[in-house]
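Dock chains B, C, D, E, F, G and H against the given chain A, drawing on the hints supplied.
Chains as they are written, first to last, in the working numbering: chain A, 1 to 254; chain B, 1 to 254; chain C, 1 to 254; chain D, 1 to 254; chain E, 1 to 254; chain F, 1 to 254; chain G, 1 to 254; chain H, 1 to 254.
In short, the hints are calculated from the structure, not lab data. Computed from a prediction, not measured in an experiment: that's the story for all the values here. No residue lacks a Cβ here, since even glycine has one placed at the ideal position from N, Cα and C. Check the hints yourself; a few may be wrong.
Said to hold, decoys possible - If we take Cβ atoms under 7 Å as the criterion, some of the chain A residues that face chain B in the derived model are:
| hint | residue |
| --- | --- |
| 1 | D195 |
| 2 | G227 |
| 3 | M242 |
| 4 | N250 |
There are 8 protein chains.
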Amino acid sequence: MGQEEIKKVLQQYKSGQIEIKEVLEKLKHFPYDDLGFAKIDNQRQLRKGFPEVIFCQGKTLEQITKIAQRIKETEGKMIATRAAPDVYQEIKKIIPEVTYFKEARIVAVAVEEKKQVSSKFILLVSGGTADIPVAEEAAVIAELMGNRVERLYDVGVAGLHRLLINSKKLLAANVLIVVAGMEGALPSVVGGLVDKPVIAVPTSVGYGVSFKGLSALLTMLNSCAPGLAVVNIDNGFGAGYMASLINHLNEVKE
Amino acid sequence: MGQEEIKKVLQQYKSGQIEIKEVLEKLKHFPYDDLGFAKIDNQRQLRKGFPEVIFCQGKTLEQITKIAQRIKETEGKMIATRAAPDVYQEIKKIIPEVTYFKEARIVAVAVEEKKQVSSKFILLVSGGTADIPVAEEAAVIAELMGNRVERLYDVGVAGLHRLLINSKKLLAANVLIVVAGMEGALPSVVGGLVDKPVIAVPTSVGYGVSFKGLSALLTMLNSCAPGLAVVNIDNGFGAGYMASLINHLNEVKE
Amino acid sequence: MGQEEIKKVLQQYKSGQIEIKEVLEKLKHFPYDDLGFAKIDNQRQLRKGFPEVIFCQGKTLEQITKIAQRIKETEGKMIATRAAPDVYQEIKKIIPEVTYFKEARIVAVAVEEKKQVSSKFILLVSGGTADIPVAEEAAVIAELMGNRVERLYDVGVAGLHRLLINSKKLLAANVLIVVAGMEGALPSVVGGLVDKPVIAVPTSVGYGVSFKGLSALLTMLNSCAPGLAVVNIDNGFGAGYMASLINHLNEVKE
Amino acid sequence: MGQEEIKKVLQQYKSGQIEIKEVLEKLKHFPYDDLGFAKIDNQRQLRKGFPEVIFCQGKTLEQITKIAQRIKETEGKMIATRAAPDVYQEIKKIIPEVTYFKEARIVAVAVEEKKQVSSKFILLVSGGTADIPVAEEAAVIAELMGNRVERLYDVGVAGLHRLLINSKKLLAANVLIVVAGMEGALPSVVGGLVDKPVIAVPTSVGYGVSFKGLSALLTMLNSCAPGLAVVNIDNGFGAGYMASLINHLNEVKE
Amino acid sequence: MGQEEIKKVLQQYKSGQIEIKEVLEKLKHFPYDDLGFAKIDNQRQLRKGFPEVIFCQGKTLEQITKIAQRIKETEGKMIATRAAPDVYQEIKKIIPEVTYFKEARIVAVAVEEKKQVSSKFILLVSGGTADIPVAEEAAVIAELMGNRVERLYDVGVAGLHRLLINSKKLLAANVLIVVAGMEGALPSVVGGLVDKPVIAVPTSVGYGVSFKGLSALLTMLNSCAPGLAVVNIDNGFGAGYMASLINHLNEVKE
Amino acid sequence: MGQEEIKKVLQQYKSGQIEIKEVLEKLKHFPYDDLGFAKIDNQRQLRKGFPEVIFCQGKTLEQITKIAQRIKETEGKMIATRAAPDVYQEIKKIIPEVTYFKEARIVAVAVEEKKQVSSKFILLVSGGTADIPVAEEAAVIAELMGNRVERLYDVGVAGLHRLLINSKKLLAANVLIVVAGMEGALPSVVGGLVDKPVIAVPTSVGYGVSFKGLSALLTMLNSCAPGLAVVNIDNGFGAGYMASLINHLNEVKE
Amino acid sequence: MGQEEIKKVLQQYKSGQIEIKEVLEKLKHFPYDDLGFAKIDNQRQLRKGFPEVIFCQGKTLEQITKIAQRIKETEGKMIATRAAPDVYQEIKKIIPEVTYFKEARIVAVAVEEKKQVSSKFILLVSGGTADIPVAEEAAVIAELMGNRVERLYDVGVAGLHRLLINSKKLLAANVLIVVAGMEGALPSVVGGLVDKPVIAVPTSVGYGVSFKGLSALLTMLNSCAPGLAVVNIDNGFGAGYMASLINHLNEVKE
Amino acid sequence: MGQEEIKKVLQQYKSGQIEIKEVLEKLKHFPYDDLGFAKIDNQRQLRKGFPEVIFCQGKTLEQITKIAQRIKETEGKMIATRAAPDVYQEIKKIIPEVTYFKEARIVAVAVEEKKQVSSKFILLVSGGTADIPVAEEAAVIAELMGNRVERLYDVGVAGLHRLLINSKKLLAANVLIVVAGMEGALPSVVGGLVDKPVIAVPTSVGYGVSFKGLSALLTMLNSCAPGLAVVNIDNGFGAGYMASLINHLNEVKE
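One chain only, chain A, in its complex shape (with noise of 0.2 Å):
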């Protein structure tokens, strides 16, 4: 529950359109919701500006369907992650809306995005092919969080004009999400070539010593070039979270 719509909430009860009894209603999963086995955090969108988001990895098909029931319920949106094709029709059955985008493994109600018209977009860069599942996964959740998002797919260091003859795409972005498995070279060259912030994400792509994806998450956070932070290996999730809290920084409150 964000708020607004607390403070409606409470506007409501004050211009009398609410009594005290319907008040409480709507507040009494405030601040968590607890279902036993989760304790949903409904304090999260007032805090964070933005609600809980499903990790559904580790969590049973019934677990993730009730938790996805009630964020639904309280929030009005819902967002899952790493969701199998079989998590998807499970929430399907109970929340017939939820849309599966299936690259990126996530199943999310589709909350009418205000999508920016604004120039401002992040820039998704990725190495090779396998890495797009990670790479769509943070490009879905820029886009669910209202941001526009570019693509630049397949254009790793060991054939670099296909990263140069983009440079003007790579200087015009606001925000960079540069997604690499293998030596994870990338976000490095990227960011001795822009001047904006670059989020580097290893992925688990690779074999031998790329052991699955800590040889790319090395060389990133070892990177020269200045203006450049990591998150987890294949946490694409974690990326398009921190470049969307970014590229809306200063525009709310101005």
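Here is chains B, C, D, E, F, G and H on its own, set in the frame of chain A:
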């Protein structure tokens, strides 16, 4: 050499103030200045909005002073990080106007800092007293890049009330840098409370399985709190630079 | 065979209730019972106050059921952990009165639990929904060992208010078991709030650099909060056992 | 400042012994004392039953003495760990009554230790001679927190009879702290013999694949003996504190 | 082909029993037999006193059977380790007289084992039931190499009396192989009790920080007990072979 | 598209054979071909002398076939590595003339291989039978790149004579690729014998502390034998490519 | 105190040579001698056939000399390893007859070494010059334990002929100790050539990914050559002790 | 002693210029020279085309000078790497004609370098100023082995234009050695641009998760750019040697 300087040179030439010879003289170290052991990136300011910063560790005193002198000459300003007191003494001999930020281990030529009078400040949060040198490196860099910086030190999770009492300050910040060693849990807790981007900096403070900051780094990368990205262990410079890029975002262009 | 049983046997012999032959018969599997592939530690109850618990993982179904049967015969009670449903089915065939604690993956003969009516309870705190199986293993073990157990699940640091609202419960507990995966920061935060011993249990929940619980483990070992000790990743059994020892301390002897 | 001190202040005020001004004066550093580089947690004693302990490693001499002085003033007692001889010399200058426990590297103001006359003692067991500094850190902390402590040093598993001959002492202890480096097998063996909680402390003693205590730590975490929990490498302080919490449990409140 | 076989061939030739053609025929696969995908080391028995043993893991069924057949033909005996049941079934088709040691996962042609009647036996000691497959691999290899082998299973350190009660057997052994998973402390304890060489074998039994046997391996390498050496994780074959070499030492040549 | 093709197009245009429209048509996928999920590097052949090779692992069947088709169309030849049998089946449907090198897991369009008749050959040496798939990947790549390749398999250091007997072949080779798993000692030994460049390839063959090839990799990097460089674990492709570059060196330009 | 000494004391008593008081006096430090900081294992010689050896590293000079003196008094002989020159100087003051083996860093009281005149010798093989200190530690220990020792130094695999030329010596040895740093391949090669037990000792010699001996250790544990076991990095003492146990085996009892 | 020297000796003998006694005298240190602590590989030049190079690290000054003297006498030339200034001073005393390459830490007897006049040069590329000592080690070794070497230093990926501007030089090189610390991305980028073999050298330059060069090493091994192989961290010598072998390839024999 930044965009402004290059523009000015070209305009002076066009208006007849300077001869072609002088233009060439001024541009002769563009795009880089080759000292043999170093190629100073004179295009950096143009590309990244800020001139190259000297990372002193691993360079000889002689190399550092030569690079410092050349950058000072070309760019008008100069910043050197990881600078021990003897580095400061050496640079002072050739650039008498330098300032030494002792705790931050930074030597800098005091550029006229167009410090924002605005309410948009970067908040430096640190877990313990021993983390302060890293926190100060971040703080001083951000200040030298023209940001207002506030500090909130020694508010680690073992005494959580020290942090919670300051929640007003936390919520008022535009960007947060959270510095912690040992278990490195502070960024997660801060990240759960605010709706602004958090840059997490692990430090090498600790013993035993802190593994010189590795444990803190892993904690931060694994953080469940969204809106958080991480830099290398003890990389105060990188955090300050990233926070500055974010804080200035959407500002110049409006 | 515990101290009480041995005493009783010896008293019965002294009072003429049983013959020397019967005494020998009863003691014949003391101090251990050799099944060839296993030597059941019949002295365990005498030494540790609790009979040997069967760790099912890595044992064949045939080995488990033989050991279970023998322990049941000798000790009157029997506990098996890491027991998949098929283990339960097999044991049930030979010991029909067993109970299966599904989430905790524990099969046990329902010993008359002298549950404390006292106010001294062990509090189980968990970070996320996916940590519940490990938390339940700890909770059920503690209950089977005669402790009152309370549960407080899904109160991770990303939504700290869920924990702080429950601070009364936290402060009322006699011993706390805090279970968390991912960054594993919860035990540090809880440890900073209470003045009772905290047993921290890292779980293998997570992805990327969680390294199957290693990151959470390191966080807990590095904790700045005093009064905290750690067990192996996913070792709910060990945490429950340790907490029970602590909770019963100073109790019997007074 | 502990509960008792706060109560006394309030009662003195109520009974007219002191003025409101004096109350405020006494409470002005509550809940924390801000020295800029450190926020002394004055609420710690209230919350944890024991004032903040200074971890000297990583702090400057100046920082340590300032913090020590302030804690001494506020709490009446003061403990500093990981204190090299020069730390002791500096603190002595401003707090002449401090004692230096050389082997334990602890500087402390000799609080009137209400040492238990009771039979409930904490037993310190160590594997080798080189482990003694860590064992002593634990022992001294436990003594300073009001516990009776017994020591059993150099009883490593390579000469098991040294341990077994002392089994009476092992069985008499209320809580055990077992300190070992190299292979770190001692806690497992002790844990198999007693029915009381065991706190295992790995030390950095060893060479080659001891990896500065990591091997001993892993051994202890993997222990098959139930009733055992582990602290960080060389963390004698944490073990002593935890053991004290456990030993005092169920005592005060009855 | 061993020394004896070669001698016999040469003597038969000298005494006219066989023609030069037959000698060449018999020696034609000497020193190795080239199957393309494998070069069977026919000199191995000559050099090492025992023919090449087939390590099945990583080889196809077709490769294994071809190698087995050729070794059987050349050497008269054949041993294959890490052999799953289907490997046994395939080899049986072409070498019907093979035996399958199921727990040890070994397929062997039953060579007339000149089992020592002597009192010099190798003692196999194992920590837990789940370690038995590795222990059996060692035991069977040692038996196939002509040693008397005794077994003492499930005597881990959590119930030390099970080991100490058998100290007579421990002291009577000529060489000891000690197999343990989890914390791997058993070899240290055994090594402290006996005055004979101990071969320590870590197993991959365990969970969490056992790291698939790494923790047990480190424990064994760090052992303070002298007279102990270590082989790779789960390498029962290597331990059995080494113990056999040691047990036979000084025997043949006297 | 290689230098020759581009030259030809331009010459045809100059000589009037083709119109400007046709030139543009032929060059329209230059410098890369954007399939959305992949940007095929059409400049690769020009830059590296060999077209882009498809690394199948981590790509969907649909992605692989689309990329394969486009490369085939543009370059006339096509190579795909890490190709499981189903990949081969799919590609065959659209490019019927492909060949499948089963052991090497390579699918390729049989380019007219201008196999060198020269005496300069690349020698593939492997330690064990299980290393052959990686060795074959290297061998086939080198052959497809126009090199004469010789093979010497299963000559590991445990039976050194198998290697030494072949020293003539070793000394005759122009470049050597040495493939080994487990302890990975073979490249060191070979490197000590020859005076030609050795490319060392660790494989993931092994168990226990082989750590899926890490141990072999470290051995090779630590090698005391000069004239040796290393590629990633199981990277047969990389080794074959590197060896080919070296073998062709100084050849074209003379 | 060994079996012989105890027997003698008891016989002297029986025969009336000494009084009961003297018996007690002689046995009073049996089974261990408690110095507070150390419990000298006086039963060690009885149990292991050799008195306790002092590992100096990590002990203070005062502790070392006290332990040395006591062992000398009780056992008649004394050995201290990892002894820096100052340790030697200190011990010499109280035990003037000690010898210092400088390269081996061993201080020992020259026991009358009943050096075997027999042909059964232990062969010390080392890879490089820098490995000699570790090799000498092993050699001197073996000599002090009454073995004939031969040395073959600097025969690493980069110049294999240096080893092969000495194959006669290799084959003549009864037990082999092979010491190597860097890639640690030497034990594998030696193990493939001989039919006697090989003790492999990794050393911390190397740089980069030698990881202070870890790489060499892994190589040795992964060795394909059977009949090889490994000790800790730089553990010359352990190797010498193990080799001596093996070399003396089957000797005393025949 | 190289092939030429041996041939000459034999021819002189055949032609009667020298007596058999002199031949033996000249060959007496063949195939190796036994100094006890070292066996100088006099066959090395014959086998590898270049005499043994002394790796000074870990050897005493006395050992180094003795080895240097003997190699100088036998081979006429001498190279010692990782030589600190005091090593140079000592060698100079006995071989006055040595040269010291200070940055490269190499001491060498100035052999008449038959420097190629040819256009085939080795290009040394380095990422940063601090990488120069390693780059120089490679460069000097290559020069001493008779190659033309060009240098391109401080062209790291954070300022990519510094590299791209020099692409003509990159494309002209016959073999490339690319040296980089921190994230180690430079070899990937260079490898993507050229069609010649690239030797990648990670350096220990960096901090935090650079892990003393491990991160850079992993990056290089994971490189997507084909035609690249890697040597140990800081192994400038190995890279220079390998590059020289490659550069000279196909040259002598044509």
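Okay, the hints, checked on the actual structure:
1. D195: Constraint on A/D195 satisfied, holds at 4 Å.
2. G227: Cβ of A/G227 sits 5 Å from chain B, so the hint holds.
3. M242: holds, 5 Å
4. N250: Holds - the Cβ of A/N250 comes within 7 Å of chain B, reaching about 4 Å at its closest.
Hint compliance for this structure: every hint is met.
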